[in-house]
Amino acid sequence: MKQLVKTMAPRLQLEKAAWRWVESVKPEDIGQEHIELAYRISLPACKRGNCRRNCKGNPNCLVGIGEQTWLGEIDENAFHNIDDPNSERRDKNTFVGLTNLGATCYVNTFLQVWFHNLELRRSLYQCYNSRAQEHNTESDYEPQSICEHLQYLFALLQNSNRKYIDPSGLVKALGLDTGQQQDAQEFSKLFLSLLEDTLSKQKNPTLQNVIQQQFCGQFSYVTVCNECGRSSALPSRFYELELNIQGHKNLTECVTEFLKDEKLDGDNRYFCESCQSKQNATRRIRLHSLPPTLNLQLMRFVFDRQTGHKKKLNTYISFPEQLDMAPFFEVTNDQKCVYELSAVLIHRGISAYSGHYIAHVKDARTSDWYKFNDEEIERMEGKKLQLGTEEEIAETVKSQTRKPKCSKGYHCSRNAYMLVYKIQEEESLDPSTTIVQVPEFLQRLVDQDNHKFEEWCSEMSDMRKQSVDKGKAKHEEVKELYELLPARDGEPYEFIPLDWLKKWLDDSTATKKIDNLEFLCFHGKLHPDRVGDAKRVSQQAGQVLYERYGGGPRLDGSTLCRECVEQRCRVLRLKNQLNEDHKEVSNLVKRTVSGEGYWVGKTSLRSWKQLALEQLEKDEHESNPSNGQSNGKGPHANNSQDGGPELSEGNEEDMKMFNEDIVCSHGGLSILDTERKLVSSEVWTKLRTYFPKAQEFTQDQSPCPQCLTLEQEEKDNEAVSKMMALDQKNQLLNLFHEKNRPTLTKWPQVDTDILYVVPLFFVDEWRKFIRRPTKSSPVSNVGNSLLVCPHGGFMFTYDSLINGDAQHIALLWPSEWEVISKLFIVDQPISIHCFKQTTSLGPTTKYTTQPDLCWECREGFLFQQQKDLREYTQATVYIRKIIDDKRIIKEAVPELNASSSEAEEEKEEQPKVAGERDPDFSQSEDGAKRLKLNDGNIAEGVASPGTNTTKLSVIRRSTRHRKLRGEKALIVSANQTLKELKIQIMHAFSVAPFDQNLSIDGKSLTDDSATLGTLGVIPESIISLKADEPIADFAAMDDVYQVGMPEEGFKGKHFSHQCIWSDAFSLSKLDVAGPG
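Going by this note's numbering, the first residue of the sequence shown is number 19, and it counts up by one from there.
Just so you know, not all the hints are guaranteed correct.
35 angstroms max Cα-Cα, derived DSBU-like pairs, lysine-lysine [stated by the list, open to error]: (1) Lys488 x Lys601; (2) Lys389 x Lys329; (3) Lys764 x Lys854; (4) Lys531 x Lys520; (5) Lys899 x Lys733; (6) Lys492 x Lys520; (7) Lys74 x Lys470; (8) Lys793 x Lys885; (9) Lys207 x Lys354; (10) Lys695 x Lys757; (11) Lys497 x Lys520; (12) Lys296 x Lys278; (13) Lys34 x Lys711; (14) Lys267 x Lys278; (15) Lys757 x Lys793; (16) Lys354 x Lys219; (17) Lys531 x Lys627; (18) Lys757 x Lys864; (19) Lys267 x Lys426; (20) Lys389 x Lys470; (21) Lys492 x Lys470; (22) Lys695 x Lys636.
DEER-style ranges, computed between Cβ atoms [unchecked claim]: (23) Asp102 x Tyr146: 54 to 60 angstroms; (24) Arg383 x Gln892: 56 to 62 angstroms; (25) Gly120 x Ser425: 37 to 43 angstroms; (26) Gln892 x Ile1040: 14 to 20 angstroms; (27) Ala251 x Glu458: 46 to 52 angstroms; (28) Lys601 x Leu728: 38 to 44 angstroms; (29) Ile901 x Glu275: 48 to 54 angstroms; (30) Glu458 x Arg107: 20 to 26 angstroms.
These are computed hints drawn from the structure, not numbers from a lab. Each residue gets a CB set at the ideal place from its N, CA and C atoms; glycine is no exception.
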């Protein structure tokens, strides 16, 4: 053992070493030295530097419990987790950032660009704001309108002391979803349109047209007839130019394509007013005027027709710092055409559905370039735009495209999606042109926010100081006490929980009382299994800790439990003997029993070694503290010295006590003699050593008399049930075998003018009893009340039964009804009567029911039925794709073979006991086979109306839909529009919505705005899909199928009325998603 301790063995080896002496010491011979070995009192303490972590197996190891933090000099920052509030302060000569609220980086980039538009900022400051001007600074200012939010936000961006500010007020006012990233280009259009509408209502006339003056230009769509040369122009305004970048390398090529001639021929010919007919023509865009701020949208996000999703074009586009638009005018009219680059908006990422937005903006006052990345602001060196970092982040293994070389004065980007150019102005000596003063009423609000910020900084500094003071005091306490902790040999000691010591050294404010209750054994002393979770400390140190923190009960040297050590010694010795006893018992049970014998359960006998191990483990660690909590979760749990327990067949895993498998519920010997085995007294004596509490049954023990009585009663009841089933079957043989069944479509078939009605459920349950009388309960009541309304009227008409309602009922001949009336309780007779009459038009047949039909409830039933079909949610419909006009994919792939519900139920009820040959089991098996054959025969004749009605009347039809190849199931709701269904179909079949021709029962579905409920699409409907050949012009995708409703993230109250204005919504819910 000394050698083992010297090498500091792992915890498991230390535990085994602590009990190794039990091999040579009996429980009655245990002395104090053995008890101290079990509690590892004499293990040497570890020294600092020798242990990388604390030795949990050694109660004397006090290294690695958290003392490293407190010994030696400590940095004051270790005493708190509060960041320096000055890190939240705005740096000198820099701008203020914006907080990303989750996925709002696209909003932040545009706000920074618009803030640096001095004319727009100056105009916003001039807007009338009575709420801000009259605000009392003693309360927080809460803007209401969009204009008020922008005013306040821009004022904070200009003069706030904070490093970054929170734009949640504006985002909330816009109704944006902070968790969903939207299409940034679309947001720009909608917001400018909203701002234009807001400013147009200002009383100051100079503010009403600010947006148009800054961002609005004009062009015309010019169409020239190729026949007569007549030219017509359609003027239009624009706020940005949307430039296609696919197949282009630089900005000039993109603008040139935007203005190029377009041929109108074929089906797209132009109606010429002069020729009064459709003619081939040429159409182009002619620029008339450009705004001071020119926004160029680079269309990087396009719709991929093959995948049905948006994708990003990660192609490099070159653009100049100085842009001359004069070459693109037919007539310049002496207007300024030279622009300077002022902002570049970047989408960082290779996918249209994920990524991050940042903005590079040029400061109009200093001409420095800044990168705005949410809260982080970075000034570029040398007053130059630098995009290198953003381009490198987008690189992937699959898309390592070589960046083209750019000429001086040009930049090249694969991530830029919007370029902002400003008209080149002559250098002015007047500094007021680049200075925008915050109005006094807004500055007061900014000062109020700055004051709150300074108060917060002061509060955080005070909290940091308090934490540091507490930490220093704790530092001195730990240095003092840690030196007292080690217990020296021969001196008094105590045990302190290891977890408590760790928490004491980790956080002084969270230190609680010392709790030793969970360490107590059943005898109220220290459990030997828990010594590894405690540390032995000097009595002097223990006294100080208990005086300062309280707790208990205190565990000193007198709490080492002799009883637990003796019990463990006995158990370990038995575990060592278990293998030999198992071999001996295995040999003894093979011999014939002579003399006195004992009954043992076969399952117990197969698994007795496993049960013995479990019992010994339980005895080894079982202790309950005085408070009733479980205890003794020692290191030996589920771990034996002789290896893991053996696994055997049968239900041994359910065994809890030895021999319980032959104990009946009354506590006597089980009547199942096949489940027990007779063993000799020698075997039983050995088994009793391990299971002293096991129930004993001698060879002469009689089985439980109560169980015998119950068994006989059960056999008698089964015999009665079999006789009852046989009698009922013989009297209703045709009903059981579905032979000679009445059908309404062929009635009257024989000379009878009356048929009786019972619920199909009654017939199904009755057949189930007939097939398995010993496993099913007999049927006593017909239950016709299910088919009548609360007023006592019948719920179905003759015509409705003909057209499908017959699936709820079964029809009976009068003779069968007479038998059923005698055998079962009839709560309500229901019958259908046939009356033949002769009129002037010839013989006619009239059908009535008894009781009469209740028209009020019938109409209510039909109304509710139709309502359910039009108000469903999460229902299944099937989309079946048609190959051509005449042929549908017909290669059936049924999900399951057709079978009746009875056969399925019998399959579930098949007995699990192998080899059982009860006549009832045989009967049910044959019945199941016959039923499947009959069901198949009926299925083959389903085309016949008579056969079909017969099946509906007597067999529950399977409602499982058989999917065909080329067919897919979709989950829909009644309030869902046809457009939304087409989006689902696009993802399922890769067919674009405008290529889909949908129909149901031959009726075309064309109204995209109509709901499925109004179109007559009900649950389980089969919708036919015929796909048109795709058109060749992929670029026309976004223009062909426009959606006049906002995307999910733009459904706020301030954006909803702007969405019809937008012409860029291509497909609903194709937003750019992902983290901001």
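Verification of the supplied hints:
A C-alpha spacing of about 66 angstroms is found between Lys488 and Lys601, which places the hinted pair above 35 angstroms, so the restraint is violated. Among the hinted pairs, Lys389 with Lys329 is consistent with the structure: their alpha-carbon atoms are about 26 angstroms apart, no more than 35 angstroms. Restraint check for Lys764 and Lys854: satisfied, since their Cα atoms lie roughly 14 angstroms apart, inside the 35 angstroms limit. Distance restraint check for Lys531 and Lys520: the Cα-Cα separation of roughly 13 angstroms lies within the 35 angstroms cut-off, and the hinted pair is therefore satisfied.
Under the criterion of a C-alpha separation no larger than 35 angstroms, the hint pairing Lys899 with Lys733 is inconsistent with the structure, at around 59 angstroms. The suggested pairing of Lys492 with Lys520 holds, with an alpha-carbon distance near 14 angstroms, which does not exceed 35 angstroms. Proposed proximity of Lys74 and Lys470 is contradicted: the alpha carbons are some 51 angstroms apart, above 35 angstroms. Between Lys793 and Lys885 the alpha-carbon distance is near 41 angstroms, which puts this suggested pair outside the 35 angstroms criterion.
Restraint check for Lys207 and Lys354: the C-alpha separation of about 25 angstroms stays at or below 35 angstroms, so the hint holds. Restraint check for Lys695 and Lys757: not satisfied, since their Cα atoms lie roughly 53 angstroms apart, outside the 35 angstroms limit. Annotation: proposed proximity of Lys497 to Lys520 holds, straight-line Cα distance about 15 angstroms (limit 35 angstroms). In summary, the hint linking Lys296 to Lys278 is supported, as the alpha carbons are separated by about 22 angstroms, within the 35 angstroms threshold.
Taking the CA atoms of Lys34 and Lys711, the gap is near 29 angstroms; set against the 35 angstroms cutoff, the hint holds. Of the pairs offered as hints, the one joining Lys267 and Lys278 holds, with about 17 angstroms between alpha carbons and a cut-off of 35 angstroms not exceeded. This hinted pair checks out: Lys757 and Lys793 have alpha carbons roughly 25 angstroms apart, not beyond 35 angstroms. Taken as a hint, the Lys354 and Lys219 pair is honoured in the structure, with Cα atoms around 30 angstroms apart against an allowance of 35 angstroms.
Between the alpha carbons of Lys531 and Lys627 the distance comes to roughly 44 angstroms, so the proposed pair goes past 35 angstroms and is violated. Proposed proximity of Lys757 and Lys864 is supported: the alpha carbons are some 27 angstroms apart, at most 35 angstroms. The suggested pairing of Lys267 with Lys426 holds, with an alpha-carbon distance near 16 angstroms, which does not exceed 35 angstroms. In summary, the hint linking Lys389 to Lys470 is supported, as the alpha carbons are separated by about 28 angstroms, within the 35 angstroms threshold.
Note on Lys492 and Lys470: the hinted pairing holds, with a Cα-Cα distance of about 33 angstroms set against a maximum of 35 angstroms. Taking the CA atoms of Lys695 and Lys636, the gap is near 27 angstroms; set against the 35 angstroms cutoff, the hint holds. Checked against the hint of 54 to 60 angstroms, the C-beta distance between Asp102 and Tyr146 comes to roughly 41 angstroms, which is inconsistent with it. At roughly 58 angstroms, the beta carbons of Arg383 and Gln892 sit within the given window of 56 to 62 angstroms.
In this structure the supplied range 37 to 43 angstroms holds for Gly120 paired with Ser425, their Cβ-Cβ distance being about 41 angstroms. The hint said 14 to 20 angstroms for the Cβ distance between Gln892 and Ile1040, and at roughly 18 angstroms that hint holds. Between Ala251 and Glu458 the Cβ separation comes to about 49 angstroms, which falls inside the hinted range of 46 to 52 angstroms. At about 41 angstroms, the beta-carbon gap between Lys601 and Leu728 stays in the expected band of 38 to 44 angstroms.
Judged by the Cβ atoms, the range 48 to 54 angstroms given for Ile901 and Glu275 is violated: they are separated by roughly 39 angstroms. Distance hint for Glu458 and Arg107: a CB-CB separation of about 24 angstroms, consistent with the stated range 20 to 26 angstroms.
In summary, the structure is inconsistent with hints 1, 5, 7, 8, 10, 17, 23 and 29 from the numbered list given earlier, while agreeing with the others.
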